[in-house]
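Residue numbers (the numbering used here), protein chains in the order written: chain A, 1 to 589; chain B, 1 to 589.
It is worth saying that the hints were derived from the structure and are not from the lab.
Be aware that a few hints might be false.
All copies of an identical chain are treated as equivalent in the list; a pair is satisfied when it fits inside any one copy or across any two copies.
Straight-line Cα separation of at most 35 Å, DSBU-like style, residue types lysine-lysine; simulated pairs [what the hints assert, rightly or not]:
(1) 138 to 516
(2) 417 to 186
(3) 399 to 125
(4) 304 to 511
(5) 586 to 511
There are 2 protein chains.
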Amino acid sequence: MLRTNTCGELRIEHVNTTVTLCGWVQRIKDLGGLTFIDLRDRYGITQLKLNIESDTALNQTVKGLAREFVLKVTGTVIERESKNKNNPTGEIEINVRNIEILNASITPPFTIEDETDGGDELRMKYRYLDLRRNNVRKNLELRHRMALETRNYLDKQKFIEVETPVLIKSTPEGARDFVVPSRMNKNQFYALPQSPQTFKQLLMVSGFDRYYQIVKCFRDEDLRADRQPEFTQIDCEMSFVDQEDILQTFEGLTRHLFKVVKGIDIATIERMTYADAMKFYGNDKPDTRFDMKLIELNEIVKGKTFKVFDEAQVVLAICAKGAAEYTRKQLDELTEWVKRPQLGATGLVYARHNADGVIKSSVDKFYNEEELKKWSEACRSQPGDLILVLAGAEEKTRKAAGELRLEMGNRLGLRDKNKFSALWVIDFPLLEWNEGDPNLPASLAGRWHAKHHPFTSPKPEDMDLLNTNPGAVRANAYDIVINGVEVGGGSIRIHNKNLQAKMFEVLGFSKEEAQKQFGFLMNAFEFGAPPHGGIAFGFDRLCSLFGGAESIRDFIAFPKNNSGRDVMIDSPAEISDEQLKELFIKTYN
Amino acid sequence: MLRTNTCGELRIEHVNTTVTLCGWVQRIKDLGGLTFIDLRDRYGITQLKLNIESDTALNQTVKGLAREFVLKVTGTVIERESKNKNNPTGEIEINVRNIEILNASITPPFTIEDETDGGDELRMKYRYLDLRRNNVRKNLELRHRMALETRNYLDKQKFIEVETPVLIKSTPEGARDFVVPSRMNKNQFYALPQSPQTFKQLLMVSGFDRYYQIVKCFRDEDLRADRQPEFTQIDCEMSFVDQEDILQTFEGLTRHLFKVVKGIDIATIERMTYADAMKFYGNDKPDTRFDMKLIELNEIVKGKTFKVFDEAQVVLAICAKGAAEYTRKQLDELTEWVKRPQLGATGLVYARHNADGVIKSSVDKFYNEEELKKWSEACRSQPGDLILVLAGAEEKTRKAAGELRLEMGNRLGLRDKNKFSALWVIDFPLLEWNEGDPNLPASLAGRWHAKHHPFTSPKPEDMDLLNTNPGAVRANAYDIVINGVEVGGGSIRIHNKNLQAKMFEVLGFSKEEAQKQFGFLMNAFEFGAPPHGGIAFGFDRLCSLFGGAESIRDFIAFPKNNSGRDVMIDSPAEISDEQLKELFIKTYN
Chain A
1 MLRTNTCGEL RIEHVNTTVT LCGWVQRIKD LGGLTFIDLR DRYGITQLKL NIESDTALNQ
61 TVKGLAREFV LKVTGTVIER ESKNKNNPTG EIEINVRNIE ILNASITPPF TIEDETDGGD
121 ELRMKYRYLD LRRNNVRKNL ELRHRMALET RNYLDKQKFI EVETPVLIKS TPEGARDFVV
181 PSRMNKNQFY ALPQSPQTFK QLLMVSGFDR YYQIVKCFRD EDLRADRQPE FTQIDCEMSF
241 VDQEDILQTF EGLTRHLFKV VKGIDIATIE RMTYADAMKF YGNDKPDTRF DMKLIELNEI
301 VKGKTFKVFD EAQVVLAICA KGAAEYTRKQ LDELTEWVKR PQLGATGLVY ARHNADGVIK
361 SSVDKFYNEE ELKKWSEACR SQPGDLILVL AGAEEKTRKA AGELRLEMGN RLGLRDKNKF
421 SALWVIDFPL LEWNEGDPNL PASLAGRWHA KHHPFTSPKP EDMDLLNTNP GAVRANAYDI
481 VINGVEVGGG SIRIHNKNLQ AKMFEVLGFS KEEAQKQFGF LMNAFEFGAP PHGGIAFGFD
541 RLCSLFGGAE SIRDFIAFPK NNSGRDVMID SPAEISDEQL KELFIKTYN
Chain B
1 MLRTNTCGEL RIEHVNTTVT LCGWVQRIKD LGGLTFIDLR DRYGITQLKL NIESDTALNQ
61 TVKGLAREFV LKVTGTVIER ESKNKNNPTG EIEINVRNIE ILNASITPPF TIEDETDGGD
121 ELRMKYRYLD LRRNNVRKNL ELRHRMALET RNYLDKQKFI EVETPVLIKS TPEGARDFVV
181 PSRMNKNQFY ALPQSPQTFK QLLMVSGFDR YYQIVKCFRD EDLRADRQPE FTQIDCEMSF
241 VDQEDILQTF EGLTRHLFKV VKGIDIATIE RMTYADAMKF YGNDKPDTRF DMKLIELNEI
301 VKGKTFKVFD EAQVVLAICA KGAAEYTRKQ LDELTEWVKR PQLGATGLVY ARHNADGVIK
361 SSVDKFYNEE ELKKWSEACR SQPGDLILVL AGAEEKTRKA AGELRLEMGN RLGLRDKNKF
421 SALWVIDFPL LEWNEGDPNL PASLAGRWHA KHHPFTSPKP EDMDLLNTNP GAVRANAYDI
481 VINGVEVGGG SIRIHNKNLQ AKMFEVLGFS KEEAQKQFGF LMNAFEFGAP PHGGIAFGFD
541 RLCSLFGGAE SIRDFIAFPK NNSGRDVMID SPAEISDEQL KELFIKTYN
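Using the sequences and the hints given, assemble the complete structure.
In structure tokens, the structure reads:
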């Protein structure tokens with residue numbers, strides 16, 4: 001080792017020991033005859049004291065130093081005169097005898113500090129410097145810890161990690177695949193997996209009983225913020241279980257991670273049906289850190305000559321605790337906010353439940369005090385609260401009210417990132433009608449789509465509806481939602497060949513297509529497939545949630561930008577004609 | 001849970017408990033009124049006893065059963081009359097009250113037994129059935145254990161697992177890349193990583209200090225037996241270390257894996273220079289489970305009118321202990337063996353050191369007893385030993401002698417797969433001359449190639465030779481070899497921008513090419529790169545070695561065949577015109 005110690009481990013008890021440290025120059029303080037340098041490595045920062053007056057060689061070297069130089073220094077640990085209690089090594093410093101420059105550094109394009117002056121673009125281009133920053137590195141240390149603890153927990157539960165292939169086959173279901181031309185199999189292509197779904201089901205057919213994998217998956221989608229073309233899943237599957245077993249097992253994993261990584265005992269994870277989530281939160285991933293449920297006012301507000309409410313399919317209120325003092329300006333701003341195209345509400349009605357108990361609304365013309373009292377009763381408002389009301393078409397209004405709820409949660413500080421509320425959303429619909437999404441291949445438009453995926457089993461009691469009212473069929477499917485973020489989801493799978501074939505039929509596959517794409521799976525079901533089910537957690541998102549961050553990007557070592565580019569290595573890039581020729585492909589404009 | 005217990009856990013102390021088991025029918029023994037079924041799951045086999053005479057419903061169900069049906073059975077644990085000591089559950093059986101068929105099975109195309117009647121092709125096509133076989137599943141359980149123990153060991157050594165990207169950029173160095181057309185960046189391609197080499201070095205520049213990753217890598221090479229287009233590495237890198245630190249750290253890992261996975265304390269891992277390995281074993285990955293070194297006889301045998309030896313660059317002997325009794329037929333067979341084109345020896349000379357002490361050779365015409373005694377002394381042969389001699393051009397003969405040594409090791413039973421001998425081979429040459437390999441793109445032919453890769457540092461004492469005699473420059477590079485299998489290799493890296501630029505120049509890169517391909521790395525070196533080095537283990541091979549198998553294929557859940565095809569899912573396959581169009585590529589014949 002080039003060093004005897006790291007920059008994070010020396011303490012007062014090491015005083016008088018001779019040590020050698022290696023690290024980067026974080027800061028140089030020149031006090032004339034005395035120079036102090038903060039030397040940084042992954043483990044911490046140690047202060048170096050250099051008496052350059054008495055040592056001309058040292059003086060010479062020190063004069064040439066700058067930020068981010070890599071040093072190897074030898075000296076004696078001494079007690080510091082002015083101690084720094086914020087730094088674990090703050091009681092000592094190194095009286096440096098010898099200094100060796102292991103590598104120089106030109107001036108970095110941004111400061112290597114928690115709060116840097118570098119913009120996003122620059123930090124991505126010099127990601128290797130961005131990763132030097134304490135907070136970014138800590139994110140990846142957290143990720144490492146999460147992965148290791150996940151593995152050890154699942155291993156104890158008898159799960160086996162099995163690596164499934166990355167070079168697989170393109171299937172029309174789901175999002176768009178990345179494809180890989182095969183040189184040895186001319187004009188044929190591999191695809192990168194969007195998930196190891198079929199392989200993990202085959203492992204259940206193989207009797208592996210409990211499988212997991214922390215695995216890279218790939219989707220060639222138009223990228224929104226916080227979507228990456230390659231992402232990581234904790235992918236799991238179990239045999240001989242029903243839904244309850246899976247919820248229990250992965251509540252266990254979630255609880256374990258919170259406990260060992262964050263030191264938090266989370267409450268029992270409640271369950272909520274998809275129907276209730278939509279009804280009370282306008283959202284299939286409710287943020288349950290705060291209440292403020294959606295309240296239907298239809299029966300109370302209709303027939304009072306207020307046309308907007310009378311003509312609306314649904315009138316929905318939320319009660320924002322303690323917001324009665326909202327100014328007119330704030331309310332106008334909120335109104336503009338709900339009218340944005342993303343939400344598309346036509347307006348916002350409010351009622352202030354003032355501190356003196358009087359309720360005043362923006363529609364006093366139509367509703368007298370007695371009627372507003374009914375609003376208050378329905379909303380359980382207290383003096384000081386603000387009732388906000390949206391009206392319109394069912395689906396759109398529910399969604400908008402859900403968004404307004406989240407926005408008010410933000411404004412009222414109810415979404416503390418250090419507070420965690422987890423929830424199982426269950427009883428998802430099996431299918432959803434898709435009118436045609438410009439992001440999906442045309443072949444996938446205008447038909448029933450699997451809400452989870454085509455391997456999810458319908459609830460036995462809803463099975464008859466599959467022919468008569470497919471949209472009403474509920475699935476044995478579940479999501480785990482934490483703080484309004486869907487961190488995982490799964491289902492009990494179909495393990496019967498005929499039901500799987502039926503499912504493909506409902507999804508609009510011809511028999512031939514189904515056989516061509518998923519024949520191997522349906523064949524496998526002929527040889528004794530066990531009942532099975534599973535779940536996958538979005539690992540990037542889980543890490544960012546644990547790290548208290550909004551974006552997954554800083555929990556990925558080398559992320560891509562919104563055009564799918566890695567600006568650091570400048571990828572993707574053109575390849576040689578020779579490479580194209582070997583693959584028997586041509587590019588064109 | 002559909003079961004109360006697994007098929008592997010019931011013992012004599014469970015007698016009289018009511019249990020429910022799930023599993024597959026391994027075997028049905030019909031003894032008239034009594035039927036016995038072996039029920040199998042991942043954890044073991046439990047015998048079911050079905051009194052079908054007294055229970056007509058049960059009788060009905062049992063009559064319909066066949067191998068590989070999936071059952072759920074409930075009954076009472078009872079003591080067995082004839083116990084089976086070879087099975088951990090062999091003292092008990094289940095007196096079955098109730099049986100439910102969870103899924104039927106058609107007859108599998110081969111038997112689900114340790115020794116199956118299925119050929120390779122069939123087993124690959126129905127891999128999900130092959131994976132049901134005990135021995136195949138055990139291989140993957142071993143792999144899981146190895147991965148988990150590797151992670152926990154490295155975590156304790158402060159290594160952080162960091163996921164590096166899968167969608168990267170194609171580089172001309174090394175083997176052929178798999179490429180991925182980018183839809184969002186027209187006419188540009190990602191490449192799949194052959195290793196995370198540059199990324200792990202960037203992580204060192206970032207100050208991560210100790211990195212590892214168990215990671216999929218990809219090479220589009222013509223496949224030989226035991227090569228897979230996607231394979232897994234244990235990839236590691238450390239900062240502020242020299243070669244000795246890396247050897248120590250990963251000797252530690254190797255020792256740990258042998259201890260916890262195999263229960264074996266391996267000896268200290270010896271070091272051998274590349275030069276010595278070639279000299280004494282004719283091979284840079286010597287199998288050191290047995291001795292039988294190559295002995296140079298030049299000085300002893302030349303000038304005795306035997307033209308073959310006189311004209312040879314080198315005359316090499318091995319001494320096969322106890323093989324003096326080899327018959328003429330066996331020796332003829334060996335002679336044919338060395339004359340095969342792969343080895344290309346012109347013939348084989350032998351000398352029997354008979355039990356009575358007399359030495360008789362196949363070239364007695366040229367060498368009298370006294371001279372043969374010198375052979376014996378050089379080879380340290382004992383009565384009963386057989387000396388085998390090859391002669392010819394240096395490199396070819398050394399290689400052939402090395403192969404002959406391995407063959408004799410096999411024939412004499414010296415290569416016990418349950419014995420393990422590990423070795424560090426060090427001081428590899430930095431470069432090797434490549435005349436042009438038909439498997440490599442033409443641009444890579446006829447020039448110096450990096451023996452490890454272009455980031456490996458030359459030994460400082462050999463640095464001057466880089467201009468004058470590049471082939472003589474030794475590298476700070478090392479391989480770990482176990483039982484003649486190279487299971488890992490690595491090097492101390494270049495961390496100086498100018499030296500890296502020089503290295504690219506020696507490798508025939510123009511400045512522009514080097515900048516275009518590896519500019520990001522050389523730029524990173526400008527910002528304070530620490531001295532660093534690392535290693536990568538071939539994880540598939542390491543697992544197969546631990547499992548005592550020759551082939552890696554059965555340590556991979558879903559391997560590809562020699563044409564790079566997954567015959568189970570029938571991949572690669574054609575993709576739709578729509579997909580091609582979106583990518584702006586055309587295929588042609």
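Hint check results:
1. 138 to 516: For residue 138 and residue 516, only the inter-copy Cα distance (32 Å) is at most 35 Å; the intra-copy one is 46 Å.
2. 417 to 186: neither (52 Å within a copy, 40 Å between copies)
3. 399 to 125: neither (38 Å within a copy, 48 Å between copies)
4. 304 to 511: neither (56 Å within a copy, 80 Å between copies)
5. 586 to 511: For residue 586 and residue 511, both the intra-copy (33 Å) and inter-copy (29 Å) Cα distances are at most 35 Å.
Checked against the numbered hints above, the structure violates hints 2, 3 and 4; every other hint is satisfied.
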